[in-house]
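Chains as they are written, first to last, in my numbering: chain A, 18 to 300; chain X, 1497 to 1806; chain S, 2 to 254.
It is possible that part of the hints are untrue.
[As the list claims (entries may be wrong)] In silico contact screen, one side only, chain S against chain X (beta carbon under 8 Å); selected entries:
1) L56
2) T88
3) L100
4) S103
5) Y105
6) H115
7) L117
8) C118
No lab work stands behind these hints, which were simulated from the structure alone.
On a predicted model such as this, the values are computed, not experimentally measured, just so you know.
The beta carbon of each residue, even a glycine, is placed where N, CA and C say it ideally should be.
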Amino acid sequence: MKRLRRLEEYLFRFLMGLSLVIVLGSLMLILGTMLWRGLPSLSLAMLTQVPKGGYYLGEEGGILNAIVGSLCLAGGATLLALLLSLPVAIYLHTYAGCSRAAHLVRLAMDVLWGIPSIVYGAFAFTIMLWIGLRASLLGGIIALACLELPIIVRGMDEAFRLIPSALSEASYALGATRFETATRILLRQATAGLLTAVLLAFGRGIGDAASVLFTAGYTDRLPDSLLRPVASLPLAVFFQLGTPFPAVQQRAYAAGLVLTVIVLTLSVVARWLSRRLMHHVVR
Amino acid sequence: MERRLAFRRLTDRLAGCSTTALSAATSLLAVAIGLVLLARAWPILTTRPLGELLLSTTWKPLQNAFGYYPFIMGTLCVTGVAMVIAVPICLLTAVYLAEYAPRRVYAVVKPLIDVSAGIPSVIFGIWGVIMVVPFVQRIASSEIGRSLSRLPFFQIDNPTGYSVLAGGIVLAIMVFPVIISVAEEVIRAVPVGLREASWALGASRWETIKYVVLRHAAPGVLAAVILGFSRAFGETMAVMMVVGNVPQVPRSLFDAAYPLTALIANSYGEMMSIPLYDAALLGAALLLLVVVLLFNLSARLVLMRIARYG
Amino acid sequence: MGDRPHIEVQGLSVWYGGQQALKDVSVAFPAHGITAVIGPSGCGKTTLLRSMNRLLETSGEVRISGRVLLDGTDIYAPKVDVTEIRTRIGLLASKPFPLPMSIYDNVLYGPRIHGLCRRDNADATVERYLRAADLWEEVRDRLQSPAHALSTGQQQRLCLARALAVEPEVLLCDEPTAALDPISAQRIEDLLRGLKRHMTIILVTHILRQARRLADFVVFLWLGELVEAGPAEQVFNNPCNERTRAYLMGDIG
Ligand SMILES: Nc1ncnc2c1ncn2[C@@H]1O[C@H](COP(=O)(O)OP(=O)(O)OP(=O)(O)O)[C@@H](O)[C@H]1O
Ligand SMILES: [Mg+2]
Chain A
18 MKRLRRLEEY LFRFLMGLSL VIVLGSLMLI LGTMLWRGLP SLSLAMLTQV PKGGYYLGEE
78 GGILNAIVGS LCLAGGATLL ALLLSLPVAI YLHTYAGCSR AAHLVRLAMD VLWGIPSIVY
138 GAFAFTIMLW IGLRASLLGG IIALACLELP IIVRGMDEAF RLIPSALSEA SYALGATRFE
198 TATRILLRQA TAGLLTAVLL AFGRGIGDAA SVLFTAGYTD RLPDSLLRPV ASLPLAVFFQ
258 LGTPFPAVQQ RAYAAGLVLT VIVLTLSVVA RWLSRRLMHH VVR
Chain X
1497 MERRLAFRRL TDRLAGCSTT ALSAATSLLA VAIGLVLLAR AWPILTTRPL GELLLSTTWK
1557 PLQNAFGYYP FIMGTLCVTG VAMVIAVPIC LLTAVYLAEY APRRVYAVVK PLIDVSAGIP
1617 SVIFGIWGVI MVVPFVQRIA SSEIGRSLSR LPFFQIDNPT GYSVLAGGIV LAIMVFPVII
1677 SVAEEVIRAV PVGLREASWA LGASRWETIK YVVLRHAAPG VLAAVILGFS RAFGETMAVM
1737 MVVGNVPQVP RSLFDAAYPL TALIANSYGE MMSIPLYDAA LLGAALLLLV VVLLFNLSAR
1797 LVLMRIARYG
Chain S
2 MGDRPHIEVQ GLSVWYGGQQ ALKDVSVAFP AHGITAVIGP SGCGKTTLLR SMNRLLETSG
62 EVRISGRVLL DGTDIYAPKV DVTEIRTRIG LLASKPFPLP MSIYDNVLYG PRIHGLCRRD
122 NADATVERYL RAADLWEEVR DRLQSPAHAL STGQQQRLCL ARALAVEPEV LLCDEPTAAL
182 DPISAQRIED LLRGLKRHMT IILVTHILRQ ARRLADFVVF LWLGELVEAG PAEQVFNNPC
242 NERTRAYLMG DIG
C-alpha cells in the first residue's frame, strides 16, 4: 500500500520533469532554430537594403522594406490604439466605478481580446472596401489597432487596479475632481504599468501576420504614403519562405530572426518594467 | 476662484462625457464586427440551409457549391491533436511549477515561459516548416510509420509531412505558454491552509495535489485549457504553413487538412468576381468568430468567478 | 498521569531566513492531558506547534535545528516517513479549512488515503467521528453537500472530525477557537476536554481563561524562548518567573 503510494508519486514527478523538459526544450529549439538559420543570412546589406528584382524572385537585397514597414504599421497602430484605450481605461477607473456599464465595457474588451486576428483582417478589409480604401499602410494600421486595443485596455485596467484606492480617495478628499485625480494621480502612479501594456501590444501587433495579410498588402518599397501598400516582417517571412530560391529564403530567415529579437526584447523590457511597478506598489 | 472652480468642473464634465462616449464606441466595435460579418455573409446564409453549409463536403466556388465541412473538420482535427498533445504536458508542467519547483528553478523557468508567450505565430510556422514537417515526413517513411500505418487514424497516404500531425505539434507548442501560465497561477492561488490541512492528515504531496489542490483549482484549470483551445482554434499563420491546405476531410494524422482560418487567408481578396464567394468566406469568418467567442467568454466567466469568490 | 513524556522537544531552534523565531527550546509534553502553550503574539507558539508535525519545513526558507522526540524517536531523523508522523499527530488549525469535497468525503479523506476505510464500514466511520466531534445531529441529512456550505463553527468541528478520523495520538490545536463565536468556542472546549482521555492535546491559545479552564500543563514562551513550563496550578497560581507573573497579571489587571 505504502509502496504503491510512493511509486505513484515518483511516477508523476518523473512525468512532470519530462513535461518540463519537453516544454523548455521545444521553446529553446524554436529560438535555436531561428538563430541557426537566421544568423548566417544576417548581414549589413540584409538590414539596410530593400529587395532587388522583386521580393519573391530577386536574389539580391535585404529586408529593410519589411523592417521599416513593420515599425510603421505597429507604431501607428499602437499610437491609434493608445489614443482610444487610455480614455477607456480612465473611464473604467474614475467615471464608471463598479457600475453595470463598466462591466459591459470589460466584457466587450474580453470579447475583442478573443477574436482571432484573421477575423480582424477580414473585418477591416470589408470596411476598407466600403470606404474605397485599398491595401495600404492606413488599412493595416486600422486592422492592427483593433487587434491591439483590447490588449492595451486590459493591461491598463490591471495597472490601475494595482493602485490602492486610498490614494485616489485622498485626492478626492482634497477636493480634486475626477479628471484631476485621473491625470495627476492615476496616470502618474501607473506609468510603468501603462508602458508595459503599450510595449506588449506593440509586440503583439508587430508579430501578427493574419490581420495585415489583405489590409496592408506587400511591396518592395519603403513606406512612403499612408495610402500605399506596405511590407511587414511577418509577411516577409511568410511570402519569402514559399519561394523555390534559397537566396530569397535567406531573407525569410533573416526577417524571422529580426522579428523574434524585436518581440523578445520588448517582452523582456515589459516584464522588467512591470516588476518594477510591483515593487513600487508594495512598498 | 469661482471661475476657476467652474472651469475645473467643466473640464471634468467634458472629460467624463468624452471618455464615456469613447468607451461606448470601442465596446460597440465588438458588436460591429459581428454585424458586419453577418451582413456580408447574409447572401449565403439566406440562400442555403445552414445544415447544407455546415455538412456538405463540396467546396467548388466556380460551381457555386460551398460546403464548410472539410474545413471545419480540418480545424477541429488540427486543434484536437494540438490539445491532446498540449493539455497533459501543460498541466504536468503547471503542477510542477506551482507545487514542486525549487525557487531558483521557478525564477528561471516562469519568466522564460511568459516571455515565449509573445513569440509571433509566423515564427512557429517557420520552425514547423524547417523541423516539424521533415520530422513527420521521416516518421511517415520509416519502419515505425509503416507499422503504425495499419492502425486507424495512422494510415499514410501523404508522404510529404505537411499534415494534421505537423499542424497539431506546432499549435501545441504555441499554446504551451498560454495554458501553463494561467493554470500555474490558479494552482498557486489555492490557499496554503488547504494544503496544510491535507498534509496534517498524513497525505503525501502528490495525494494532496491530486485530491485537494487540483480539485479546488479545477474550474480555473479548465478555463486555462479553454483559453488555449480558442487560441489554437483561431490561429492562422502557423497552421497554414504546415498543414498542406488540401480541402478534404482528414482521415488520418498524416493526411493534409485545410482549416477555416487558412481558407480565409488563402482565398480572401482574390476572386471577388464570383458571386457568393466573398459571402461564403465571410461566413467562414463568422463561424470562427462565434465558436471562439463562446469558448473564450466561458473561460473568462469562470476566471472572473474565481477572482471574485476566491 | 504523565510518567513518560509523549513528545519531547530538545534544543529546538528555528530560523525564518535570517530571523530566529525559536531559541533553543527544550520542553516535554506529558502523555494524556492538555498542555496549553501561551505567550504574547509573535513569540513562536505557532512555530513550535508546526515543528511538531513537520509542517514547518513546507513553508519557504526555514532552518530547523534540534530534536523532537515522539515516543522517544526523533521525527527529524533522516529515515522517518513524514506522512506517518503527520498521521500520528493531528492538527486543528485556527481557521477551518474544509477540503473541496462533501462533508462525508472530508471525514473519510484521511482513512481513505491510508487505506484504513473499507467500503462496508465507511458510513459507520463517518457517523462515529461526526458524533465524536458533536456534529452528527446537524449534518446527518446533508452528508453529501459541500463542506464549505457549513457555518464556520460547524466547519471547525468538521475539521476536528476529519482529524480524529485518522486516530492520531497527539492533537495539535492552534488557537482553535479564534475564528468562532463564544457558543461554538464552548463546544470545541468541551470536545477537547472529552478527548484528553484518549490523546495528548497541545493547545496554543491567546485566551488565558481558556488555558485556565482546560490546561493540565502550561508552557510559557517569550520572544522565542521558553520561560516556564509546569503543571497548570503551579504556573498560574505560583509562577517561578517574573515575566510569567507579569504576563499573567496583565490578564488579570
Ligand atoms: N513564514 C514565515 N516567514 C517569516 N517569518 C515568520 C514566518 N512565520 C512566522 N514568522 C516569524 O516568526 C516569529 C514567530 O511567529 P509565530 O507565528 O510562531 O508566532 P505566534 O506566537 O504564533 O504568534 P500569534 O500569537 O500572533 O499567532 C514571528 O516573529 C514571525 O514574524
Ligand atoms: Mg500563531
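Here is how each hint holds up against the structure:
1. L56: This hint holds: L56/S lies near chain X, its Cβ roughly 6 Å from the closest one there, short of 8 Å.
2. T88: holds, 3 Å
3. L100: With a closest approach of 5 Å, the L100/S hint holds.
4. S103: With a closest approach of 11 Å, the S103/S hint is violated.
5. Y105: Hint violated; Y105/S Cβ to chain X Cβ min 14 Å, cut 8 Å.
6. H115: Holds, because the Cβ-Cβ distance from H115/S to chain X comes to roughly 6 Å (cut-off 8 Å).
7. L117: violated, 10 Å
8. C118: With Cβ-Cβ at 13 Å, over 8 Å, it is violated.
Hints 4, 5, 7 and 8 from the list above are not met by this structure, while the remaining hints are.
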